[in-house]
Amino acid sequence: MSGGETRGSSRPDATDDDDETGVQAELLQAPKLDRRVLARLLGFVRPYRALVAWSVVLLLLLSAGELAFPILTKRAIDDCIRPGDLRGLYLITTVYLGLLIAVFGLRYGQAVLTQRMGQQVMHDLRRRIFGHLQRLHLGYHERNPVGRTMTRLTGDVEVLNELFTSGLVSIFGDLLTLIGIAAVLLALNWKLALVTLAVVPLLFTASWIFRAKVRVAYGLTRLKVSAINSFLQENIVGITLVQLFNREARHRAQFEALNAGHRDAFLKSVFYYSVFFPVVDFLEYLAVALILWYGGGQTIQNALSLGALVAFIQYSERFFRPIRDLSERYNVLQSAMVSAERIFELLDTEPAITSPAVAAVPAGTAPQLGSGAALAAPGTLLGQVEFRDVHFSYVQGEEILKGIRFTVRPGESVALVGHTGAGKTTITNLLTRFYDIDSGAILVDGLDVREWDLAALRRRIGVVLQDVFLWSGGVRLNVGLRSGLPTERIEAALRAVGADAVVERLGGDLDAEVGERGNRLSVGQRQLIAFARALAQDPPILLLDEATSSVDTETEIRIREALKVLLTGRTSLVIAHRLSTIRYVDRILVLHRGRLVEEGTHDELLAHGGIYSKYYQLEYQRQSEDAPAL
Amino acid sequence: MPRRFAVLPNLRHLGPYLGRYRRDLTVGYLHLLAKTACELTIPWLLKRGIDQVAAGASAGTLVHTAGWILLASAGAGIFMYNMRWAIIGASRKIEYDLRNDFFGHLVGLSLPFFQRNRTGDLMARATNDLNAVRDVVGPGVMYALGTATSVIASVVLMARIDWLLTVAVLIPFPIMAFLVARFSQEVHRRSLVVQDEYGRLQNSAQENLAGIRVVQSNTQEEAELLHFEERSQAYVQANVALIRYRALFFATVAAVVGTGALVLLWVGGARTIGGQMTLGEIVAFMAYLSQLTWPFIATGWVASLVQRGEAAMQRMREIWEVRPEVPSGEIAPPRPIRGELRFEGVSFTYADGTEALRAIDLEVPAGSTVAVVGRTGSGKSSLVSLIPRLQDPSRGVVRLDGRDLRELDLRALRAAIGVVPQDGFLFSDTLANNIRFGNDQATDEEVERVVRMAGLEDEVRSFPRGLRTRVGERGITLSGGQRQRTALARALLKDPEVLILDDALAAVDKETEANLLETLRQIGRSRTLVIIAHRISTVRDADQIVVLDHGRILERGTHTDLLARRGTYAEMARQQELAEQLEATDVGG
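Respectively, the protein sequence lines represent chains E and V. Residue numbers for the first sequence follow the working numbering, so the first one is 1 and each next one is one higher. Residue numbers for the second sequence follow the working numbering, so the first one is 1 and each next one is one higher.
If you are wondering where the hints come from, they were derived from the structure by calculation, not from laboratory data. Don't take each hint at face value.
[Said to hold, decoys possible] Residues on chain V that point at chain E, a partial pick, calculated with CB under 10 Å:
#1 VAL63
#2 ARG92
#3 LYS93
#4 GLY108
#5 PHE113
#6 ILE175
#7 PHE178
#8 ALA205
#9 ALA247
#10 GLN314
#11 PRO388
#12 GLN575
[Claimed, not checked] Ranges between beta-carbon positions, derived for each pair:
#13 E/GLY600 - V/ARG465: 52 to 58 Å
#14 E/ASN519 - V/ILE476: 52 to 58 Å
#15 E/LEU86 - V/VAL63: 31 to 37 Å
#16 E/ASP34 - V/ILE476: 32 to 38 Å
#17 E/GLU345 - V/GLU511: 42 to 48 Å
#18 E/GLY147 - V/ARG12: 35 to 41 Å
#19 E/LEU86 - V/ALA159: 20 to 26 Å
#20 E/ARG388 - V/GLN237: 39 to 45 Å
#21 E/GLU142 - V/ARG23: 56 to 62 Å
[To be verified] Only pairs whose alpha carbons sit at most 25 Å apart, straight line, appear in this in silico DSS-like list of lysine-lysine:
#22 E/LYS614 - E/LYS402
#23 E/LYS614 - V/LYS93
#24 V/LYS93 - E/LYS213
#25 V/LYS93 - E/LYS224
C-beta atoms are modelled at their ideal positions from N, C-alpha and C, and glycine is treated no differently.
Construct all of the structure, not just a fragment, from the sequences and the given hints.
Structure (structure tokens):
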């Protein structure tokens, strides 16, 4: 088996290379600086105009202050040291000290001011994105994995932070410094200034070439890093296969190849850096040599003071750093553009489901939603649900509901029963208008859900999902939600469903942590909390998707009792998994492949001997057999 | 070994790696010395130039000095290039070696290790931590050496010009190194706070998005936004605290450097007026000072690099020191392997104390088929994981052809066993390479044969590049059934004596399943087959069916035996029949 192992590289995977270069080309392509995107970004800065103005003023002062140091040195040399004026020297050094302190303050103030502003802008952006995400329809969230959406909200915004803090303002500051130095040099001695500045185009070219090369090398490195990471991840996840197929050595060889690709890509950028830094240093000294040679000559001819010569040398040093950094800042700008585009794409996605322009809020709804509504429904009707020939499909051509028609009268409890994929969950999604139907109508209290004010509609319908979602935080938060309910009401709801025992187990503290997703609670405990949540909101209509997971006997009995409390006095639609529930409800609707096939009470349907009786045997009968054992 | 390096107990384990690149590092250091020497002559040349100007020398001498400056800087540049290339290059090579070794170590560790450790955590050690260690070896070493060399050399040269001025001018610098070290600790601490807040911000967003349905159906959008704003604001506050400190840091460094220049102008100016110095010497001092600025900053920076690298190395070594829990035996299994399996009083307990298997006795004659059924969590997968020794039993013995598995050579044992896992995990590679997983040397014909056997032929033909189509990340996404059949083909190509199907046909449709079972029956005549399944149709023809419950064998026998017993198995069969009937019912129209 070991004979031919070394030939592993001749495996037929050479065809993948063109794929890879395709991806590379895409990754390495320099993004364009879109003026519209930039303008839109600047729109987020507008509220901080005054701060920007201050920041610029400080920046101007800072640049001016920095420029003054070589001048002071020049004055010290020409006016004091050469003529031998000791008192003058002390005066100048005192001024120098004062300037040093001033520049210290300016530098600190400017940095804090600018970056704080950047932070505020980021905060505003995050708020906008988050708010937008809250309004986006469920379909969007189901299509886009949480991870990706998170990246927009956090990662991409962070990248923009770079733009505000080390991008725009710094570029502006650097340009100011460059212009300032050039001006001072020209004023001191324009001929020498021109000779000195002759180095600048060289430096510019060098940094530009370097920037392009490093960008490519860096992009390549990132590509290789992600290749290593996916390989690593895949091998950790698939470790048993690696071991079962005795591939440890071969995978190590594959890993080494990937790793070598990464090393070589990195060495390439090491190479560019190793060339670039010496070149920049050399150009800097070239300028110094030029100053010494040409400027020295001028000084000897008395066309330039000795102090000015020294000032020139000092300025040339200050001149180089911004040019070297400019290319780096340009890279920051580019990646910021990519993130900004992604963010705006998200912000431009319109919510598919919104309240109509003139939203109706039927009577019986909390009045604080004062949208001047056309009142369409009879005021006394609270909790009537009607499906009129409802057709619906998530994906076009694959109809999930094929003409559903039923009515639930106020106060009635109805169970939905059917096999997986029969469309039960879809019905709950449609009633709360998470999706809009293809044809037909869904009416709540006589009004089409599409005419309802969305918030009012959802406030009228309480939902308990199969997979209970809990926030990390206390029971108070999870029952009263973030909008907050009075403690008495929360406690009453907890008592009513028997969830006060859960709180007791948490030390009687309503704010004791329940863990991420409620993982410090058992499945049954989570159920009870969800019941309490629904009860505390006290909605006229309740949608309940029962959990399938088995719980211990004590909890089972508690849940059974809690359900009775919950269903009493309101219209309820239950996707039932418990025998006790289907026995308790007023009526059962049997769904089969998107159609309503049977309807009636438990006994009626059982006697009928149709589909329901088979479901009963399959899903529920065992529960009655198990019940004594429980 | 003498304990000289006890200060960095973890990083010293890099010794062998550094040793391997001894030559690169030595060459790098020699070039660093040469580079420093060149750089240090420049201020001296400047001094000469300025003094020449002050003395009104001829243009010719100035050209001469300027030329020397160029030459010195060109030399410094070339040496600097060599230095960076050698030292940073070596650090990248060490990173390469470290990562390879880490990976090699990781793939040798046993299943329980991977159940204990989260993928993300292992990944972090192989990436972030490794980078932190690499930074110590590369920039860390380079700047530490560079600083030491240039500080010593320039101080000596400056002192030769004027030692009093040297002392005066250098006073701020040690203060700066101290400040940098202190500052970078505090900055690090504050950035941890920032990271913490960032994590919280992410968590709250993540939670919100995961529960968006609950948020919207309870009309909590506004309240959630308010909460998020609070988190975001807290993050802003943490950032501002960091920003303030960092701004203070940079302003301080600039001020300290400026103070050096100020002292130089003040003391140096006075001494020049007094005739103890020349103007050129002041300029030389200026140049030395600006050359010293970075090394002093680097000192503090290197200190924090080393600190972080040490912690990272410790985290890496935690993994490094784990030994495989399933060591190989020494005996090569006697050929030919017949494939007889025997479980004798086998129990298996997880590290957390959960008992997955309790006193299992089971005999699987060579060439027979055994089916294992039971609820989720009844111990089926644990049972079969013991056969290829993904883990070892806590008590009892598993034997292949009468030999305790632990005595056998692990590679040879695993070579004799084919496993088709439930999830049909495939690597992101071409279909052909995935199938060749257990046998690189298989010919195209052999691959095509197992593809046919697994009933994948037609589908493969419909793929854009046939067997050379990439699957997984950056490739096509296969359906669950296709993945399972690919995994089956992969196991078949290995031509194993024992074939294990761990619920591996669950995602395959009924009709295809029937065909596959027929194929398996054919090859099963000469092989031992272990099938875990939920569907009665999958297991009914097995020579022996075992019903597991809570890690115990509840029932065993053939399909007919078990139906007659009217126990758990019979109930399962009845349920499935009912479900099938329901599936088949078509109402309305």
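Results of checking the hints against the structure:
Contact between V/VAL63 and chain E, as hinted, is supported at the beta carbon level, the nearest pair being about 6 Å apart and thus within 10 Å. About 5 Å separates the beta-carbon of V/ARG92 from the nearest beta-carbon of chain E, less than 10 Å, and the hint is met. Interface hint status for V/LYS93: upheld, as the beta-carbon distance to the closest one in chain E is roughly 7 Å, under 10 Å. Proximity of V/GLY108 to chain E holds as hinted, the smallest CB-CB distance being about 6 Å (cut-off 10 Å).
Because the closest C-beta pair between V/PHE113 and chain E is about 9 Å apart, less than 10 Å, the hint holds. A cut of 10 Å between beta carbons decides the hint on V/ILE175: the least distance to chain E is about 15 Å, and the hint is violated. At its closest, the beta carbon of V/PHE178 sits 18 Å from a beta carbon of chain E; the interface hint therefore is violated under the 10 Å criterion. With a cut of 10 Å, the hint placing V/ALA205 at the interface with chain E holds, because the nearest CB-to-CB distance is about 5 Å.
Taking 10 Å as the C-beta contact cut-off toward chain E, the hint placing V/ALA247 at the interface holds, the least distance being around 4 Å. Given hint, V/GLN314 at the interface with chain E, is violated; its Cβ is 20 Å from that chain's nearest Cβ, farther than 10 Å. With a cut of 10 Å, the hint placing V/PRO388 at the interface with chain E holds, because the nearest CB-to-CB distance is about 5 Å. Against a cut-off of 10 Å between C-beta atoms, the interface hint on V/GLN575 holds, since the closest Cβ of chain E lies about 6 Å away.
The hinted range of 52 to 58 Å is satisfied by E/GLY600 and V/ARG465, whose Cβ atoms lie roughly 56 Å apart. Separated by about 36 Å at the C-beta atoms, E/ASN519 and V/ILE476 break the suggested range of 52 to 58 Å. Range check, E/LEU86 to V/VAL63: about 35 Å between beta-carbon atoms, so the 31 to 37 Å window is met. For the pair E/ASP34 and V/ILE476, the supplied restraint of 32 to 38 Å holds, since their beta-carbon distance comes to about 33 Å.
Distance hint for E/GLU345 and V/GLU511: a CB-CB separation of about 44 Å, consistent with the stated range 42 to 48 Å. Between E/GLY147 and V/ARG12 the Cβ separation comes to about 39 Å, which falls inside the hinted range of 35 to 41 Å. Here the CB-CB span from E/LEU86 to V/ALA159 is close to 25 Å, well matched to the stated 20 to 26 Å. Look at E/ARG388 against V/GLN237: about 54 Å separates their beta carbons, and that is not inside 39 to 45 Å.
Range check, E/GLU142 to V/ARG23: Cβ separation about 58 Å, and the 56 to 62 Å hint holds. Under the criterion of a C-alpha separation no larger than 25 Å, the hint pairing E/LYS614 with E/LYS402 is consistent with the structure, at around 22 Å. Restraint check for E/LYS614 and V/LYS93: not satisfied, since their Cα atoms lie roughly 68 Å apart, outside the 25 Å limit. For the hint pairing V/LYS93 with E/LYS213, the CA-to-CA distance comes to about 22 Å; that is within 25 Å, so the pair holds.
Proposed proximity of V/LYS93 and E/LYS224 is supported: the alpha carbons are some 15 Å apart, at most 25 Å.
Checked against the numbered hints above, the structure breaks hints 6, 7, 10, 14, 20, 23 and satisfies the rest.
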